[in-house]
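J.: Dock chains B and C against chain A, hints included.
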Amino acid sequence: MHLVINGQDQDITCTTLAELVSALKLDAQRLVAEVNGTIVARENFGQTVLKDNDRLELVHFVGGG
Amino acid sequence: MSSFHDLLMTWPAERRRAVVESISTDQVQRALHKDSLSPTDFLALLSPCAAEHLEAIAQRAHALTLQYFGHAVNLFTPLYISDVCTTQCRYCGFNARNQQKRTHLSPEAAAAEAKLLHDQGHRHLLLLTGDAPKLSSPAYLGEVVERIKPLFASVGIEVYALTEEEYAMLVAKGVDSMTMFQETYDPALYAWLHPVGPKHDYRFRLDAPQRAAKAGMRSVGVGALLGLTPFEQDTFATGLHAWWLERNYPGVDIGLSIPRICPHEGSFEVQHAVDDRHFVQYVMALRCFLPRCSITCSTRESAVMRDHLIPLGVTRVSAGVSTAVGGRATQEASPTGQFEITDHRSLPEMIAAIRAIGYQAVIKDWEDPTASSAATACA
Amino acid sequence: MEDALILGAITLKSRLFVGTGKYAADSLIPEVIAASGAQVVTVALRRVGMQQEGVMDHIPDTVRLLPNTSGARTAEEAVRLARLAKAAGCGDWVKIEVIADTRHLLPDGYETCKATEILAKEGFTVLPYVNPDLYVARSLISAGAACVMPLAAPIGTNRGLQTREMIGILLEELDVPVIVDAGLGRPSQACEAMEMGAAACLVNTAIASADDPVAMAKAFKLAVEAGRAAYLAGPGRVQDTTLAEASSPLTGFLQ
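Taken in sequence, the protein lines are chains A, B and C. Taking my numbering, I'd label the letters of the first sequence as residues 7 to 71. Taking my numbering, I'd label the letters of the second sequence as residues 3 to 381. Taking my numbering, I'd label the letters of the third sequence as residues 152 to 406.
None of these hints come from the bench; they were simulated from the model. Every residue, glycine too, gets a C-beta built ideally from N, C-alpha and C. You may find that some hints are simply not true.
Simulated coverage check for chain B against chain C, where a stretch passes if three residues somewhere in it have a Cβ under 8 angstroms from a Cβ of chain C [unchecked claim]: (1) 47 to 61; (2) 178 to 190; (3) 270 to 283; (4) 347 to 354.
Some chain A residues close to chain C (C-beta under 7 angstroms, calculated; not the full set) [claimed, not checked]: (5) Leu-9; (6) Leu-32; (7) Arg-36; (8) Val-41; (9) Gly-52; (10) Val-55; (11) Leu-56; (12) Leu-62; (13) His-66; (14) Phe-67; (15) Gly-70.
Pulled out of the complex, with its shape left as it was, chain A reads as follows (with noise of 0.2 angstroms):
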């Protein structure tokens, strides 16, 4: 399937997000993420089935003042 991530075009084979997160090797937990711009809670990860040209957005903290 065809994806946006963060920006960048990529190619994953997936269904749901969780799958998707999985298979980025990134940790469920600590992340926040936005399918074409709305905010999906991590709760409902799995339940979120992705399709094609989706547009992905993969937020974490880091370091900030």
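T.: Relative to the frame of chain A, chains B and C by itself:
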């Protein structure tokens, strides 16, 4: 805080008394050397301890007055347009129970009186009425203001408490300042002093300056009638009221008036007379606490007192005063005024007296350019 | 009576907030937080997979997280970042930081007010980072800000309390906590801000850029505590020679 009342409640009478009695010389000195004073510092300057350091406080008050106002003193004159009064304030010459002839000037007569004051050179006018909201209604006040506004750079009102809408209406007609005397900030004493009439409502009066500020009034003044409560009580509450208004309505010029109760028609026994030393201490404490507020001194005070208070903080004085209604341009007139005048100086005499102590009298301070076209036409 | 800072219904004992940016290694952060005694720690939000590793592994879960909206150039972007941060499940505090000027990194007061109004209505506890401007501060308070966070000097400069006079005016006029943020470079400067009556200080670069950040965190902790204690103690007066006894007394007429 959404109202001054909330703040005042945090300063019950016992707290004020306890703080005032605990003040040391060091606390007074410290208050005098701060850039900005807290309410507790203000109370320190009102304390018996501070009374022993009047000259040091005077130096500070003088320096602050010069810093914020320079050598300028604003002049104004009052115009009493009605002494019809429905209240029975126990200390007042207009008390409804005093059997005296009452006069209520028609808008035409009020305008004729105002014209005479204008011709004498006055440009700042203060309109006063008794508490008779039906007869001296907001609409009546509006009508008077409409007629006289073209003649004056500033028209103020010192009348009963109005609603925010009524203040807004008068602002639209050209009123730029209002003064509200709470008389006393002690609710129980207030209720006893004002037994009947609309003035009986303490809270409605207490919140009037805030309503005026909300309504767009350019200057809002407060004051208590000195002599009704122990010294530190109403003096502190008055300063606190101005302080609260200044913080919450930074776009409004906040002013203070400092009337001391004086003999009148009737028989009211003054319980807590304020002597000259305490009176001066109060004016100076106000100046130190509220460096930017104007302080108005009326002709209740003598010429000597007024002249000496100018370097210490007073920035507004009246001239050519009569506290009786009518008699200038009209036959209609009341025989007695609201209070006994002790300084009878005319406008030219006041200007000369102010010059003699090294100050400049300001006859016309500021004028709203949007309201001035009619004024130039009449000048 | 315990001296606590109450912010957004949370009671804080520590008045030093620390940031987590610019460390030589993020692994220093737990020790820095411990040495600073901070109960509020700021973090930023970034896309995963970019240069930076996540910082959460290094932040003890006993502290309150204060996500900032750094990177936002408009109110809209700040609002989006705040909502994302909230979705991370770390509470509803947010430090609004809107910077469109990349040269001086000064905060945009107008955009900050707009973002504050939207987020306060959504229930966020909003801590806006601003220039010490009284009008902006008043607008922020009417927009629902829980405090104001004026800068002491341009961010990251360690130049100290350059805006002292303006911060003094905020302290005099405002009824909400004033938290001095950005530019404090030395503990003595944080101490001075606290002596003046600041509710707290936020320090990042000064600690992160020290030779020994852990020791510097401890120094800031002590300085902030000392300044607060001095403020509460009520400093004595500074002798002023201009107020010597006058030759012609102003109150002579009362004799």
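J.: Give me the numbers of the hints this structure contradicts, sorted from smallest to largest.
T.: 2, 4, 5, 8, 9, 10, 11 and 12
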